[in-house]
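Colleague: First to last, the protein sequences are chains A and B.
The numbering used here puts the first residue of the first sequence at 1, with every later residue one more than the last.
The numbering used here puts the first residue of the second sequence at 1, with every later residue one more than the last.
Note that these hints are calculated values from the structure, not bench results.
Glycine is no exception: its CB is placed at the ideal position from the N, C-alpha and C atoms.
Among these hints, one or two may not hold up.
Claimed, not checked - Restraint-style ranges between C-beta atoms, simulated for each label pair:
1. B:Ala-92 to A:Thr-34: 39 to 45 Å
2. B:Thr-49 to A:Leu-211: 37 to 43 Å
3. A:Thr-45 to B:Ala-234: 20 to 26 Å
4. A:Lys-9 to B:Ala-92: 56 to 62 Å
5. B:Ser-129 to A:Thr-73: 47 to 53 Å
6. A:Thr-34 to B:Pro-151: 50 to 56 Å
7. A:Phe-32 to B:Lys-3: 42 to 48 Å
8. A:Thr-45 to B:Gly-140: 37 to 43 Å
9. A:Val-18 to B:Pro-5: 34 to 40 Å
What the hints assert, rightly or not - Where chain A lies over chain B, by a calculated footprint (3+ residues, C-beta under 8 Å):
10. 120 to 134
11. 159 to 171
12. 237 to 249
What the hints assert, rightly or not - Residues of chain A clear of chain B, computed beta-carbon distances all greater than 10 Å:
13. Leu-50
14. Ala-56
15. Ile-57
16. Asn-81
17. Ala-90
18. Asn-107
19. Asp-111
20. Cys-133
21. Pro-134
22. Glu-142
23. Pro-200
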Amino acid sequence: MAPTRRPSKSKYTADRGVPGAFEGETVTRRRFMTGTAHGAGALATMGFALPALAFAIGPIFNNDTLGWQTIGTPDMFPDDNYIPAVIVIAPGIGEAGNSTVYIRARNASIDTTPPTQFNRWIAISTRCAHLGCPVRWVPASERFICPCHGGVYDLQGVRVGGPPPRPLDRFFTRLHDGYVQVGARYSVNSELRAFSPRDPGEPLDGIGQYLYPSRPSVRI
Amino acid sequence: MPKLPAVPIPPRFLPQPPPPGTQRGRPRTPLEKGAEAGKSAVDWIDERTSLSGGVRWALFRKVPKGTNWFYTLGSATMIAFLNQAVTGVFLAMYYRPDAGGGAYESVRYITNDVFLGQFVRGMHKWGSSVMVILVFLHMGRTFFFGAYKYPRELNWVIGVVLLILTMTMSFTGYLLPFDQRSYWATIVGVNINGTGPLLGPYLSDFLRGGPEFSATTLSRFYSIHMLLVPGAIAAMIGAHLYLVAKLGTTAPPWLRAKPEPELVEEQL
Ligand code: HEM
Ligand code: FES
Numbered sequence: 001m002a003p004t005r006r007p008s009k010s011k012y013t014a015d016r017g018v019p020g021a022f023e024g025e026t027v028t029r030r031r032f033m034t035g036t037a038h039g040a041g042a043l044a045t046m047g048f049a050l051p052a053l054a055f056a057i058g059p060i061f062n063n064d065t066l067g068w069q070t071i072g073t074p075d076m077f078p079d080d081n082y083i084p085a086v087i088v089i090a091p092g093i094g095e096a097g098n099s100t101v102y103i104r105a106r107n108a109s110i111d112t113t114p115p116t117q118f119n120r121w122i123a124i125s126t127r128c129a130h131l132g133c134p135v136r137w138v139p140a141s142e143r144f145i146c147p148c149h150g151g152v153y154d155l156q157g158v159r160v161g162g163p164p165p166r167p168l169d170r171f172f173t174r175l176h177d178g179y180v181q182v183g184a185r186y187s188v189n190s191e192l193r194a195f196s197p198r199d200p201g202e203p204l205d206g207i208g209q210y211l212y213p214s215r216p217s218v219r220i
Numbered sequence: 001m002p003k004l005p006a007v008p009i010p011p012r013f014l015p016q017p018p019p020p021g022t023q024r025g026r027p028r029t030p031l032e033k034g035a036e037a038g039k040s041a042v043d044w045i046d047e048r049t050s051l052s053g054g055v056r057w058a059l060f061r062k063v064p065k066g067t068n069w070f071y072t073l074g075s076a077t078m079i080a081f082l083n084q085a086v087t088g089v090f091l092a093m094y095y096r097p098d099a100g101g102g103a104y105e106s107v108r109y110i111t112n113d114v115f116l117g118q119f120v121r122g123m124h125k126w127g128s129s130v131m132v133i134l135v136f137l138h139m140g141r142t143f144f145f146g147a148y149k150y151p152r153e154l155n156w157v158i159g160v161v162l163l164i165l166t167m168t169m170s171f172t173g174y175l176l177p178f179d180q181r182s183y184w185a186t187i188v189g190v191n192i193n194g195t196g197p198l199l200g201p202y203l204s205d206f207l208r209g210g211p212e213f214s215a216t217t218l219s220r221f222y223s224i225h226m227l228l229v230p231g232a233i234a235a236m237i238g239a240h241l242y243l244v245a246k247l248g249t250t251a252p253p254w255l256r257a258k259p260e261p262e263l264v265e266e267q268l
């Protein structure tokens with residue numbers, strides 16, 4: 001037997017034979033109350049859930065730049081060896097918020113990136129590009145060496161051994177009132193092209209820069 | 001509705017009829033009076049909650065033949081979790097999540113100066129490893145006994161969530177002593193999270209509470225470690241055990257189910 005088509009239901013509750021229906025009513029009062037109660041519950045829940053969520057993920061969009069930090073005078077930094085300096089990367093927590101940077105003067109014979117007012121000194125971050133352990137500059141071998149998993153970098157901070165996926169990060173530098181200052185961090189790919197800062201472990205060659213987007217709020 | 005099995009109280013603890021020849025209204029001993037009071041208190045609650053049915057449903061289950069010591073690994077894990085919860089609450093009475101040196105100092109104070117502090121901290125510290133080991137042993141038991149098969153897949157999935165939550169506890173707890181080891185291990189751990197493509201960078205920023213490890217990072221880890229994840233674990237254990245009681249446990253794989261005789265004839 002062919003299935004008989006059911007006659008389409010009227011949108012009026014009175015026509016559908018709902019008990020106690022009002023003239024012209026399309027939504028039963030029971031349905032309306034159910035919807036209202038659910039809606040009010042959802043609204044009340046979102047009232048605390050959304051602010052809490054925003055509170056938790058808010059810092060991702062923060063951009064509290066620490067500005068320029070003075071680290072010394074131009075005559076302190078040779079162009080063939082690194083001098084360590086301590087800068088603050090997270091204020092308010094004492095030593096745990098400090099970090100070492102290695103500085104040398106730009107050397108036209110090895111630094112091939114075009115000179116600007118922000119790279120007259122090369123400031124290399126000690127944060128290993130593998131997973132963030134502190135690398136150490138070893139002058140005798142002219143290498144940065146990481147204690148954690150054997151990452152090794154050359155004088156330019158470019159990886160020559162171990163697991164790091166990109167060179168060491170750098171900081172902008174400038175001359176200000178006769179002092180050398182260190183500014184914001186930036187990351188570089190294996191050709192030393194500058195990118196917005198990325199976390200360690202994130203390659204920047206090939207599609208790496210797209211797989212590991214930079215922070216929306218921190219762009220160079 | 002099948003009748004629930006009676007509570008298996010050994011006969012000698014059941015109420016005895018008065019010895020022959022004694023008065024019916026013999027004065028009761030203090031012990032009997034105490035037992036009576038306890039019973040009426042339990043009855044008072046049960047009359048208002050009907051909890052005893054649920055307790056009997058959960059605890060007096062039939063278990064398959066061949067149930068053995070490996071079946072206790074889940075309960076052992078749960079005891080390890082309770083140990084972490086209780087010792088953790090007491091550690092929280094002294095601990096200060098202050099990245100400026102206060103955290104390290106408060107842990108030093110617990111270890112060296114608080115009465116039994118070193119012991120309670122040790123229970124928590126070593127207990128965390130015990131819990132992780134037990135979770136894996138229990139997981140191995142359910143795997144090798146085929147206990148993840150229909151209809152228990154969902155319990156396996158809940159188990160995986162519990163495993164992840166347990167690892168999250170280990171990760172977030174490791175930072176709290178705030179010594180060199182905690183600090184660098186957390187830096188490395190957060191950066192490992194960051195190596196996930198597309199979402200990784202946001203995940204590591206969320207964990208640190210910003211682009212650099214800061215004071216926020218420690219408070220965040222502390223809150224996740226002592227509020228968020230323990231609550232989630234407790235809820236998940238509840239769901240896990242509900243399913244264990246609901247579905248019953250599996251027989252060991254070396255025991256073959258014996259079909260009913262009439263079913264055997266039908267097959268012939
Ligand atoms: C916090 C961690 C956990 C606790 C407290 C816990 C607790 C328990 C308990 C008490 C049982 C009763 C039977 C037994 O002990 O063997 C059980 C059963 C079970 N658990 Fe877990 N568990 C945890 C983690 C896991 C994990 C990581 C898995 C696997 C991924 C898992 C899968 C199962 C399965 C499939 C059963 C059913 C066993 C059967 O029916 O024979 N559980 N769990
Ligand atoms: S963190 Fe430097 S090699 Fe892994």
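Colleague: Of the numbered hints stated previously, which ones are contradicted by the structure, given in increasing order?
Modeller: 2, 6, 9, 10, 11, 12, 14, 15, 17, 20, 21 and 23
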